[in-house]
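Peer 1: Sequence:
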Amino acid sequence: MKLNKWTIGLAAAGIVTLPSLTNAQTNVVQTMAAGTSLTGYVDVAAQWNLGSGNANNPKYAFGTTGSGAVPKADGFNLNVVNLTLDKPLDETPWAAGYHVELGFGPDAGTLATDSTFGNSGDFGVRQAYVTLRTPIAGSNGIDWKIGVFDTIIGYESTTGPNNPNYTRSYGYSAEPTTHEGFIGTYKICDAASVTAGLANTFGPQIGSRGPVEADKVWMVAMSLTAPKSWGWLADSSMTVGFIEGWNAAATTGSGNVDQLYTGFAMSTPVTGLKAGFALDYRHLHDAPNGAADTWVYGLYADYQATEKLSLHMRGEYVDDAAGLFSPLTPANPARLFEFTYTVQYDLWKNVLSRVEFRWDHASNEQLFGGTVVGTPTRRNAVMFAANVVYKF
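Residue numbers for the sequence shown follow my numbering, so the first one is 180 and each next one is one higher.
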């Protein structure tokens, strides 16, 4: 058995045991803590934005690196290295576990979970929580997450390889990413579950607080899944969620934000074809001059053509009176269209490889291009990208 330096270092530190490394089929390193696994991925990409001047690129999430001042356009990019230690809940009534997910690289800094105690640069705590189960007589019990965890809404994930497209949607970009607090999930039946919780703030920064102790964020979501007996609709799902509370990143209004999300992921009669819909509505309380609302409507289509080849399409319309993605006034809100087409072909084992074309269009104002930040020169932004992810 050949061991690399990383594995030998973990063994020397007592984090993993060498006998556990012989099971190559699972592609998971088992740690000394029973049931704990180490997994992760390395995400790299190349990107080319057509046209001269990239000072004003579309403002979707992770389109820039670090603080957001450096675009990913016209070059090669290390996006993130992700490492996860996970011990999931077992089937016992009083089960316990944990999940620690760490990010290294520019996207980890962009996520901005760095604590209030200092800037961590290209390092971020992606998630870190304790999981607990409390049994309830005659039911599946309530599963709790306590710590830093992903938001409970959204069609897309912060974990890039889990998404159908390489670039993020405007819908994802309007949503919160992570929270610090607790949530509980109760499984009503195999087809329905409800999640609710409380967190410090709307934003991702660990240790962040509102101006007064009562400024917190509450959240609730319900998910429904079609049973196997529904024929071709089997495994279709719907999620409705609402998040309300303090957003430390808000620059206008009272700082309180309402976030409503509705999403569908549907199977179809066509083998290999799935369709999706997502609605995101974001409202800023007490915003001046009516600059309060952002609406994002998204459509998705995914087709598994062969065992290795899949095709993915996304289209979005954005009505942005709040100026979340543009500097325009409420009297002249930005109206954006976005179309993304992705071809994925899994040629190598454990490797996700895809190419992508994205077109962003501003229907009523120049929002993109140019060489000076804040002085865009065109209404269209066109991008080609190639993305490779190794998962271990």
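It is possible that some hints are incorrect.
Said to hold, decoys possible - Taking lysine-lysine pairs in the DSS-like style, the calculated list, with each CA pair at most 27 Å apart, reads:
1. K266 x K528
2. K366 x K487
3. K395 x K366
4. K528 x K453
5. K266 x K366
6. K570 x K453
7. K407 x K366
8. K487 x K453
9. K487 x K395
10. K266 x K238
11. K453 x K395
12. K266 x K570
13. K407 x K453
14. K528 x K407
Stated by the list, open to error - Label-pair ranges, simulated between beta-carbon atoms:
15. D465 x M401: 25 to 33 Å
16. M417 x T218: 24 to 32 Å
17. V561 x P506: 34 to 42 Å
18. G214 x F563: 39 to 47 Å
Treat the hints as calculated values from the structure; they're not laboratory data.
Only a predicted model underlies this, so the values are computations on that prediction, with no experimental measurement involved.
Ideal Cβ placement from N, Cα and C applies to all residues, glycine included.
Peer 1: Is the hinted pair K266 and K528 satisfied, with a Cα-Cα distance of at most 27 Å?
Peer 2: With a Cα-Cα distance of about 25 Å, the restraint between K266 and K528 holds, given a limit of 27 Å.
Peer 1: Should the hint that V561 and P506 are 34 to 42 Å apart at their CB atoms be regarded as holding?
Peer 2: violated (21 Å)
Peer 1: Would you mind confirming whether the straight-line C-alpha gap from K453 to K395 stays at or under 27 Å?
Peer 2: Roughly 37 Å separates the two Cα atoms, so the pair is violated.
Peer 1: Can the restraint linking K266 and K570 be considered satisfied, given a maximum Cα separation of 27 Å?
Peer 2: Measuring from Cα to Cα gives roughly 18 Å; hence the hint holds.
Peer 1: Regarding the pair K266 and K366, is the alpha-carbon distance no greater than 27 Å?
Peer 2: holds (20 Å)
Peer 1: Taken at face value, is the distance from the CA of K366 to the CA of K407 at most 27 Å?
Peer 2: Answer holds: K407 to K366 is near 17 Å, not above 27 Å.
Peer 1: Is it true that the CA of K570 sits at most 27 Å from the CA of K453?
Peer 2: Given that 27 Å is the threshold and the Cα spacing comes to 24 Å, the pair holds.
Peer 1: Going straight from one Cα to the other, do K395 and K366 come out at no more than 27 Å?
Peer 2: Answer holds: K395 to K366 is near 25 Å, not above 27 Å.
Peer 1: Within a Cα-Cα threshold of 27 Å, do K528 and K453 meet the stated pairing?
Peer 2: holds (24 Å)
Peer 1: Could you check the hint for me, namely that D465 and M401 are 25 to 33 Å apart, CB to CB?
Peer 2: Because 29 Å falls inside the window, the suggested range holds.
Peer 1: Could you grab the alpha-carbon distance between K366 and K487 and see if it respects the 27 Å cut-off?
Peer 2: Given that 27 Å is the threshold and the Cα spacing comes to 34 Å, the pair is violated.
Peer 1: Between K528 and K407, is the straight-line Cα distance small enough, at 27 Å or below?
Peer 2: Violated - the C-alpha atoms of K407 and K528 are around 30 Å apart, more than 27 Å.
Checked against the numbered hints above, the structure breaks hints 2, 9, 10, 11, 14 and 17 and satisfies the rest.
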